Amino acid sequence: MISLAVLVPLFPLLGALVAAIGGKWLKGLSHWPVIVGIGAAFFVSLLLYNSVDRLGDSRVVIFNWIDAGDLHVPFQFRIDGLTTMMLTMVTFVATLVAIFASGYMHGDPAYPRFFALVGLFVFSMTGLVLSNNYVLTYAFWEGVGVCSYLLVGFWHAKPAAAAAAKKAFLVNRVGDFGFAIAIFWMWTIFGHSLSYDDVLNERTLETIPHGTRLGIALLLFWAATAKSAQIPLYVWLPDAMEGPTPVSALIHAATMVTAGVYLIARSSLLFVTVPGAQATIAVVGCLTALLAALIALTQTDLKRVMAYSTVSQLGYMFMALGAGVGSVAKFAVVAAMFHLFTHAFFKALLFLASGSVMHAMGGVIDMRRFRGLRHRLPYTHLTFLCGGLALSGIPITAGFFSKDEILAALNMAAHEAPRVGIPGWIYGLVYWTALFTALLTAFYTGRAYFWTFWGPERLPGPDDPEATPSETQVQSSTVAHHVSTELPSADAQAAHGISEEPVAHADDHGHGDHDSHFGQESPPIMWVPLAILAGFALLAGLAFGPTGIFEKHLVRTPGFEEMGGHAVAHAFDWASVLLGSAAGVLGLGLAYLFYASPSPLPARIAANLGGLYRASLNKFYIDEFYDATVVRFTWLAAAISRAVDEYVVHNLVLSVAWLPRFVGRRVLGPLQNGLMQYYAAATALGVACLLLILLLF
Amino acid sequence: MPMLLTITVFLPLIGSLILFLMPMWSYKTARQFALATSLITFVLSLFLLIGFQVGTTRPDLPQFSTSTDWLTVGNSAIKFALGLDGISLCLFALSTLLVIPSIFSSWESVKERAAAHYGLILALETGLLGLFASLDVVLFYIFFEFTLIPLFFLIGLYGGPERRRAAITFFLYTLAGSLLTLIGVVSLVMINQSYSADHVLTFSIPELTKSLPNLNWGDWHVVHTWGEWGPRHLFSAEWWDKVWGFWLSPQVMIFMLLFAGFAIKVPLFPFHTWLPLAHVEAPTAGSILLAGVLLKVGAYGFLRFNMAMVPLGAQALLPFLGTIAVLGILYGALTALAQTDVKRLVAYSSVSHMGFIALGLFSMTKTGTDGAVIQMVNHGLTTGALFACVGIFYERYHTREMSELSGLWERLPILAFFLILASLGSAAVPGLNGFVGEFPILLGMFSRNATFGILAAVGMVIGAYYLLIMLQRVIFGPLREPGAQDGHGHGPASHAESIRPIGWHEIAGLTPLMALIILIGIYPKPLFDRISPAVGIIARHYPPEPDRGVAVKVAHVDPAPVKSLANLPQDRAR
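Protein chains in written order, with the numbering used here: chain A, 1 to 697; chain B, 698 to 1271.
Hints were generated in silico from the structure; no laboratory data involved. Because the structure is a prediction, the values reported are computed rather than measured. The beta carbon of each residue, even a glycine, is placed where N, CA and C say it ideally should be. Check before you lean on any hint, since a few could be wrong.
Reference listing, derived: stretches of chain A covered by chain B, where coverage requires no fewer than 3 residues with Cβ under 8 angstroms from a Cβ of chain B [to be verified]:
no.: 1; region: 177-191
no.: 2; region: 266-272
no.: 3; region: 337-351
no.: 4; region: 443-449
no.: 5; region: 633-641
no.: 6; region: 658-667
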C-alpha cells in the first residue's frame, strides 16, 4: 500500500514525458497523457489518504540520491496526515486545471510543451510534499520554481513574460539562499542528519540552544517568504501573472505558493519551541495581508487583483501559523492548513473564471474595458460568484469556516502569548488588522465581481483608450483567433508564428469552431471544471471543518497530536464569527453600492484620497524601491568588479610581465655600453668590494 | 588490461601525427578521421570505466596500472607509470567525452588547415589523458606542460582577431606559474628522500601521497600559527617574527610553490585574467576543452599535491585559501553579470564556478572534497555545453553581443532547449548535475567555516542572475537577428534561408552532455561510488570538523588518526 506513494509523482512525470517526446505526433491531443497521469495520481492519493487513516504514517526509501562524504540524502518519501492532505488537494486541483487548460490553451502552437511542463510541475509539487528530508524538499522546492520559471515564460517571445519569469526565479533564489543556510546549519548540529524524523524530534530539539533554533526557524521562514510571496519577497507573484491563466490558477494560487506554508507547518515542532519566531511570522503575515489587500483595491487588471488577493490570503495562513504559541500550537497549524485547503479551491476557481472571461474577451483582462458580462457568460458569472463569496468569507462558504478558525486562533494566541514571554497585544493587533483586512478582501472581491459582471454591457474594442497601439491592428484581423489569446502585441504574435494555419486537430470536446468565440461563453470543457470547483468553494468548509474530518486527518502527522502540551478544547468563538461575517457582508455591500451600476462615487473617493490612492495604484512603489536599492546595488557592484578587472588586475599582471623587459632594457642594458674604461672601473670596484668583505669578516 | 590504458592514452597522439602528416586531406576527410579516432578513444575509456572495480578494499591502489623504468636517477628511476584511481578515472572519461563535441563544433566552421586543427585537438587529448593517468610526478609534469603546446597553437592559429596576444599571454602566464610548481614538486621529492625512514628517492605519486603527510619532517614540521592581528602588532618584532615564521614554515612554503602553478591554471582570483582573453579568442573547440578539462587540471593538482601531500600547510593557510576562493566566486559572478559578450560571460562564470570547486577542496572535509571532484566533472559538462551553444550561434550570426541578439528560441528552438538546460545545470538547479556538486561543497565549507560557506552561497544567487539574464536576452523576447532589415516582422523571414538550422552534428555533440547533465543530477551514485573511496585516502589527514555540540551522534567518525594543528606543540622552536 505504502509503496504506492511512488506512483503519485511518477504518473504525472510519465505523462509529461509522453507529452514532451510524443508532442510532435500528438499535437492537439497532448493533454491526454498529462490529464490521465495527474488523474491517476489523484486516485492513488485518495488511496494513500485512506491508508493513513487506517494504518498511520510510514516511510519508503526509493534510492540513495547523494552520498558525498558525510552528507547522505536518501530519496525517501513519507506518508502521513499532512502529506496526504496536500497530495489529494494538489492532484485534485491540478486535474481540474489541466482539463480546463485543454480548452483554454487549445490551438496554441506550443500546446505539447505546456502540458509537459504542467505534468513536470505536478511531479515536483507532489515530490515536495512527499519528501522526508530537508534536502529533498529543497530539491523539489527549487524544482517547482524551475517549472514556474518555464511556465511564466511560456510565451517566450513576449518581453514582459521573459522578465517576469526571470524575476520569479531570482526572487525565489534569494529565498532559497536562506533555506540552504538553514539546511547547512541543521546538518552541522543535528549530527549530519536532515531527515524530518531526526530533526523534528522533541528530544533532540531540546538539546539545541535557543538561539540556534531561533536562527534556523527564521531562515526557514525567510525561504517561505519567497515561495509563498510574503513581505519582503512577494514582488515576483503579481508579475508572474504574465504566464497563461491556468498556470496562475494552479501554480501561483493553489499549490506552489502554499509550499512555504507547508514548510513551516511541517517544521512546526521546531517553530513552537521559539515563540519569538512565531510572533515574527504572525506580524509579517499580517502586514502582508493588509498591504496586498490595499493594493488589490485599486488594480484594474483582473488577474492582478487575484494575484494580490493570493498574497493577502497567504498572509492569513502565516498569521495562523504564527498564532501557534504554547497550547494554541496544534489548533493554529490546523487552522492554517485548513485555510490553505479551502483557499486552493476558491482561488483556483476565481483564476480560472478570470481566465474564462479573458478567453471570451479575446485576451483582454483590463477590467476598464468590459462590463456587465453576466448575461453573455452565465456559467462563468455564477462560478465566479461562488468563488467571490468564499473569498469574502460569507457564512457557510468554505472561506467562512477557515477564516473563522484563523481569527479564533489569533484570539486564543493573544491570551496564551504572555505565558511564553510574548506580549499579548501583538496578537491583539494582528487580530484586529486581520478583521479589517477581511473587510478589504470582501470589498475588492465585490469590486472585481460587480465591475466585470454587472452594469451595462460593454465589450473591449480596438478603440478603447486603454488598448495598446499594436493591439489595435491585431484586434481587427485575428480578434478571436485562438493563437492570439493573451498575445496582445503584434510583435509577439509574429515572432510566435510557427505556422499560421491552425493546428489540424480533431476536436473531442464539442467546440469545433475556430473562428469566433469572442464574447461567448466558454465551452463545457472549461466551465465544467469551474462548476466542480464552485461546488467545493461553497461546501468544502462545511463538509470538512465543523465535522472535524480535516483536523482528525491532519493530526495523523507525527508529533502533531501532542504539540503544544495539553490540548485546549476549541470553544466556538462566536465573537470572531460574527465580526468576520459582518466584515464580509459589509465589504460586499459597499462594493455593490459603488460598482453594481456606474457610479461617480469611486472616482470621487479616489480624488479625495489622492496620495493614498496613487500609492495603492502604484503598489506602494515597492518594486521601484527594490530597483533603486538591491538591483541598483548589484549592478553597481558588477560594474565595479568589471572595472577593477579591466583596469586594476589586468594592468597588475601586465606590469609584472613588463618588469623583466624594463630591467633588461633600462637597467642592465645601459651597463653594457662598450666603453673599455667603464668596464675597467667596474672591475676595480668589484675587487675593492671583495677585499672589503674579506677584511671585515 | 594494463596495455589498454596506455593504448587509450596514446591513440589520439597517433591519430594526431597522421593528421599532421596529411595536410593535403580535405576538411571532410580530416574531420571524419578525427571523429573516428576520438570515438574509438571514447569507447576504450568506456571499457576502463566499466572495468574499474568499485568497492575494493584498497582504493589507494591505482587500477590498470603499468610501470616501466624510464630515466635512471642515482639508485632510483623516474618511471613511465600510468594508472587510474576513482578521481582520475572520472576526469579521464570526461576528457575523452568532451573531445567529441569539440570536434563536432568545428565540423562546419573549420575548413582551412583542418587536418592540423584536428591534429592539435587530438594531441591535446593525449596530453590531458596522460596527465590524469600519470602515477609519476615527472611524467605528470611533462604532460602538464605538454598540454600548453597544442592549445597555444589552437588559439594562436585558429582564434579570433586578437589570437596572438591571447595565445602568448596564456602560454607565458601558465608557464610562469608552473615553473614554481616544479620547484615545489622537486622539493617534495627531496624532502621525502631526506626524511623518510629508508631514505628512498621516489617519484611515484601514490608513494609520495602515502608517505609525505605521515612523515616526520623533523624541524621542518613546524607550522606557526599566525596569531591575532591588530595595528599595534605592526610595531612588535615578536609579531613580525611570527609572520615570517609562518610564511617560511616548510609546509606553507611548499604549499605556496605548488599553489602558484595550479592557481593560475584553475584559475583562482586574482590570477584569472588570461582566461577571458583566451576564451574570447579561442575557437569553439579550444574553448570547450580549455574550460571543460584544462581548468580541471589545476583543481586536480590541488587535490593530488597540495591537499594530499602538504595538508598541514593547507590547514594553516585555510583563512587565506577560503578568502581567495570566496572572493573568486563573488567577483567572478559579478564580473560575469557586467559582461555583454556571451562568451566572456561564460568565461567569467567559469572563474566563479572554479572558485566553488577550490572552496570544496579547501574546506578540508570529505563532504566538500567529494562535492568538488564531482563538480569538476559537472562543470566540464555544463561549461562545455555552454561554449558549444555559444559556438552554434556565433557561427551563424558572427556576433556574441547580447544587445544584437534576441529571441533565438524562435529561429533555433533546439538551441534554446540546450542552452536553457545547460544554464539551469550550471545554476545548480536540483535534479541537474550542478546541484549534487555545489551543495556538498557549500555544506563542507559551512561546517568548516560558516562565514565562508554563507558568503559563497551568495554566489549561487548571483550565479543564477547572470545566466538568466543571458537567457532572457538571447533566447527570450521577440526575434532579432543581426543582418535583418528590421528588428521584427517580415525581416527575419527573408533572412531565414541564410540561417542554417541546427545540424545533426551539433545535436550529436550536445546530446550526450545533456543526457549526462540530467543523469548525474538524478543518480550521481555511480560517480560518488568511484570518487569517495579515493578521496577518503586523502581526507584521512584532514582535521576533524569543529565541534558544535552535536545533538545526535548518528554520524560515523573516521577512525583514522588525524594530525591537526591543535595536536602539534605550538611553541616548538626552530
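Status of each hint after checking the structure:
no. : hint    : in the structure
1   : 177-191 : holds (count 11)
2   : 266-272 : violated (count 0)
3   : 337-351 : violated (count 0)
4   : 443-449 : violated (count 0)
5   : 633-641 : holds (count 7)
6   : 658-667 : violated (count 0)
Of the numbered hints stated above, those contradicted by the structure are hints 2, 3, 4, 6, listed in ascending order.
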